[in-house]
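Student: Below are the chains, spelled out letter by letter.
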Amino acid sequence: MKTLSHVAGLCLIATGALAETPVLTVYTYDGFNSEWGPGPQIETNFEAECGCDLQFVGAGDGAAVLSRLKLEGANTDADIVLGLDTNLTADAAATGLFAPSGVSVAYDLPIAWSDEVFVPFDWGYFAFVAGKDVAAPANFRDLAASDLKIVIQDPRSSTPGLGLLLWIKAAYGDESAQIWADLADNIVTVTPGWSEAYGLFLEGEADAVLSYTTSPAYHLIAESDDTKTAWVFDEGHYMQVEVAGKIAGTDVPDLADAFLAFIATEGFQGVIPTTNWMYPAVMPAAGLPAGFETLVQPATALLLSAEDAQAATAPAIEEWRAALSQ
Amino acid sequence: MARSPVAIIAPRWPGAVVVALVLALTLGTLASVLFRAGAIGTLTSADWSAVRFTVAQAFVSAAVSVVLAVPVARALARRQFRGRSALITLLGAPFILPVIVAVLGLLAIFGRNGILNSVLKSFDLPTLFIYGFTGVVLAHVFFNLPLAIRILVQGHLSVPVERYRLTASLGGSVLRLIEVPMLKRLLPGAFLSIFLICLTSFTVALILGGGPSATTVELAIYQAVRFDFSLDRAAVLAAVQMAIGACSALLVWRFDLPQPVEGGLDRHSMRWDGQSLWARVLDGTAILLTALFLVLPLGMVIWRGVAGLGDLPDVIWPAIGRSMTVSLVATALTSCAAVAMALRGGRAVAIAMALPLVASSLVAGVGLFLLLHPVTNPAHWALPVAILMNTLMALPFATRILQPSVEAVQRDYGRLAVALGLSRWTYVRLIVLPRIRRPLGFAAGLTAALSMGDLGVIALFATEQQQTLPLLMYQLMGSYRTDAAWGAALVLLGLCLVLFIIMDRGGRIDADL
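Going down the list, the sequences are from chains E and X.
Start counting the first sequence at 2; every next residue gets the next number (my numbering).
Start counting the second sequence at 28; every next residue gets the next number (my numbering).
These are computed hints drawn from the structure, not numbers from a lab.
Quick list of in silico lysine to aspartate or glutamate cross-link-like pairs, DMTMM-like style, CA-CA up to 20 Å:
{"hint": "1", "chain 1": "E", "residue 1": "Lys-133", "chain 2": "E", "residue 2": "Glu-294"}
{"hint": "2", "chain 1": "E", "residue 1": "Lys-71", "chain 2": "X", "residue 2": "Asp-255"}
{"hint": "3", "chain 1": "X", "residue 1": "Lys-148", "chain 2": "E", "residue 2": "Glu-206"}
{"hint": "4", "chain 1": "E", "residue 1": "Lys-133", "chain 2": "E", "residue 2": "Asp-235"}
{"hint": "5", "chain 1": "E", "residue 1": "Lys-71", "chain 2": "X", "residue 2": "Asp-259"}
{"hint": "6", "chain 1": "X", "residue 1": "Lys-148", "chain 2": "E", "residue 2": "Glu-204"}
{"hint": "7", "chain 1": "E", "residue 1": "Lys-229", "chain 2": "E", "residue 2": "Asp-134"}
{"hint": "8", "chain 1": "E", "residue 1": "Lys-133", "chain 2": "E", "residue 2": "Asp-148"}
{"hint": "9", "chain 1": "E", "residue 1": "Lys-229", "chain 2": "E", "residue 2": "Glu-294"}
{"hint": "10", "chain 1": "E", "residue 1": "Lys-133", "chain 2": "E", "residue 2": "Asp-143"}
{"hint": "11", "chain 1": "E", "residue 1": "Lys-71", "chain 2": "X", "residue 2": "Glu-491"}
{"hint": "12", "chain 1": "E", "residue 1": "Lys-133", "chain 2": "E", "residue 2": "Asp-226"}
{"hint": "13", "chain 1": "E", "residue 1": "Lys-71", "chain 2": "E", "residue 2": "Asp-92"}
{"hint": "14", "chain 1": "E", "residue 1": "Lys-133", "chain 2": "E", "residue 2": "Glu-204"}
{"hint": "15", "chain 1": "E", "residue 1": "Lys-133", "chain 2": "E", "residue 2": "Asp-227"}
To list a few chain X residues with every Cβ distance to chain E over 10 Å, as calculated:
{"hint": "16", "residue": "Gly-55"}
{"hint": "17", "residue": "Ala-90"}
{"hint": "18", "residue": "Val-308"}
{"hint": "19", "residue": "Val-333"}
{"hint": "20", "residue": "Phe-424"}
Every residue gets a Cβ at the ideal spot worked out from N, C-alpha and C, and that includes glycine.
Same shape as in the complex, but just chain E:
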C-alpha cells in the first residue's frame, strides 16, 4: 500500500506541475511554424511573459487550417487560430466557433479595421515574384499571352491561391473565366501550399511564383541576393490581411486574450518583417528593416470585403477548377 500511495502522490505532483504551466494551443499554417518562420521567436517572446507553454500546431496552409477546424468542431484542441485572412473570416465566423477578441488597437493597415472577432497581425500585396532577368508582363492579359511559366497555389487550401482567384475576380469581374482559360497554359503546376510553390520556383521549375511584393526582401536581406523582383500589374494588386481569432470554447480564455493582445506588441510585430516577410500590422519601434524600401509599391490596392469575398469564393473556385481541368 505504501508503494501505491507513493505512486498516487507522484501522480498528484505531476498533475499539479502540469496545472502550473497552462498550455495555449495555436493552430496555424505550416510556414508560420517552421524553424525559419516567426513561430519559434514569437513562442520565446510570449512565454517570457505569460508563464505558459505556447504550442503552435501546423495544419497545412491557411485555408486548410479552417477546414481542419470545421472537422474538429467544438471538440477542437485549438485555443487560437492564426493565419486566416479577410477572404476567410466571414466563413470562419459563420462556424460559430470564434469568440469576439475584445482587442482594439490603432493599426498601421492601409484599410480601416472594424472586425470585432479577428485581430490582424500582418499584411501584404499578392504579386508574382520572378528573376529580374525575366521580361515582366504588365498585367494578367500580358501574362496569359506570353510563354512565361508560373506556379500557383490551390485556392482551396492556400490563402495566396484564394487571393489570386479574388484578385482576378476583383480586377476582371465576369471576364475572369476567360482570363483563367488563357492562363491555363502558363501554369506549370498547382501546389497545395505556398512553401511547395516557392520551393518549385527556387528550383527553377517556373519563371515566376505567386507570392507577395515583400518576398524579394527575403532574398535581399537574408541571402544578399538582389536578383529577384515582384511584377507590378497595372490592374492593381489584391491585398492580404492575415488575422488570428480566439476559439469560444477555449479552456484557457485569459491566456487566449493575453495572446491576442500580445499580437499588437513589439514582441510579435518586431519579428514579422524578417521572418514572415510581410508588413507588420503595427509598425515596430525600429520601423521596417533596411531593404524594404526597395520593394515595389502597387499603384492600386484591391480588396473585397469579407462578405463579398465569402460570396464570391465558391463560384470563383468552380470557375477556376473548370478552366484548369480542361
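Once you've looked at the hints, dock chain X against the given chain E.
Tutor: Chain X only, in chain E's frame:
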C-alpha cells in the same frame, strides 16, 4: 452446396465477425459520410474531368506496363546471365517499397534537375516535365511493370520445355505457336489487375499530380475533405470511385486473374529460338533498361539518403515510434483477421475481400472521424484510424496469400481432426497454424511493410502530434528540406525491408511441416 467436414471443425464465427467489420468499415462508413452530408452533392465539370483523368491514367499505366513487360519477360525467360536472380528478386521490391520513397527516387531521375533532364539539356533536347499525367503514369509503371513482368515470366516458364522442342523440330515459329497464345491468356488479367490498382492511387497523384488537370478521384476526395470540408462532394466522389472499381472488378472476374507468384522464377527454360544477334541485342537492351529503370531510383534513395541522415530533425524518433506501432498493430490485426477469413471461406468472404479493393480508404477514414466527431476530437484518433485502415487495405492480399494453404490443411487434416474429436481451437492451434506459417509470415511481412509506408488517411488529419514517418517525409519534401527528406526516405525504406525480412524469415524458422 455440400459442406466439407472441415467447415464443421474450424471455428466459423470469427470469420463472420471479420466480414461484418469489413462491411461496416467500407459500406457503413460511406453511409456515415452520406448521412452527415445530408444531401447528395452534385458533380461539377471539374469532378468529371477527375473521373476521366483517373480512368485515362489507369488505362495508359496498365497498357504501358503490360506492353513493356512483353519483351522484358521474354528476355528474362530465355536468357541466362549474371545477376539474373538478383534482378528477379528486385522485381518483387515494389510490393514492399513505400510509394512516397519511390516517388522521391523517380523525381531524382526524371525531375527537373534529375539525371535524365541533365543529360537531355546537355544535348539541347527538350526536357521532360514530371508533374501531371506523365509523372503519374511513370510512377505507376514503375510500380506495376515488375508485376506484369513477373506474371509473364511465370507464363513463359509454365510452358513445358517439350513444346519448345516440338516447335523447333517442326521448324515452327515460337512466337506464333507458343508465345502469342500464352500472352492472349495472361495479358487481359494482368492488364485489369494493374488497371484496378491504378484506379485508387492516392499518394502518387498527391505528389505528382499538378492541380485540377491532374487529379484522381481519390485525390479529389482528399481535397474535398481537407481543403473544402465539403462532405457531400466527398461522399458522392466516393460512391463514384466505388462504382468505377465495381465495374472493373466485374470485368476482372470474367478473366483469369493471375495468382501472386512467390517463387520458381529463377528457373529458365532451354530454348532454341532467339539465337540471332538481333534477338540477343533486343533482349539485352530490354533487360538493361528495365534494370536501370528499377535500380536507379532506389540507388538514388540510398546514395542521397546516407548523405541526408545527418540533416534529420529530432522529431524523426517519435515518428519512427508511431510508424512502428501502426505497422505492428496493423500486422497483428491483419494476421488474425486473415486467418479467420481464410478458415471461414465462402461467398461472404469473397465479397469482403473485394470491397476494400474498390473502396476509398480516405472515405472510410472520414466516415470513422464523423462517427467520433460528436464524442471527441477526432484528430486524437488519427493513429488508431490509420491502423484500422491499413488492416482493411492489407486484408484482401493477406487472405489471398493464406487461402490456398488453409484450404490444403482443411482438406488433408479436417477429417482426421473430426475423427480424433479435437476441439475447434485445438485444431486451429495445433493443426492449422503450424502448417500455414510460411504464407502467414509472408503475409505479415507484406502487411507490415505496407502499413509502415502508407500515407493515406494519416495525411488527412494528423498534426505533428500524430506524425508518422511517411507524413514527416512528405512535409519535409513540401518545405523543401530535401536532404532531410532523403534521409527520412532511407530510414523508411530500411525499416520496411527489415520488418518484411524479419516476418518472412520468422515464418520459415523450423517450418519443416
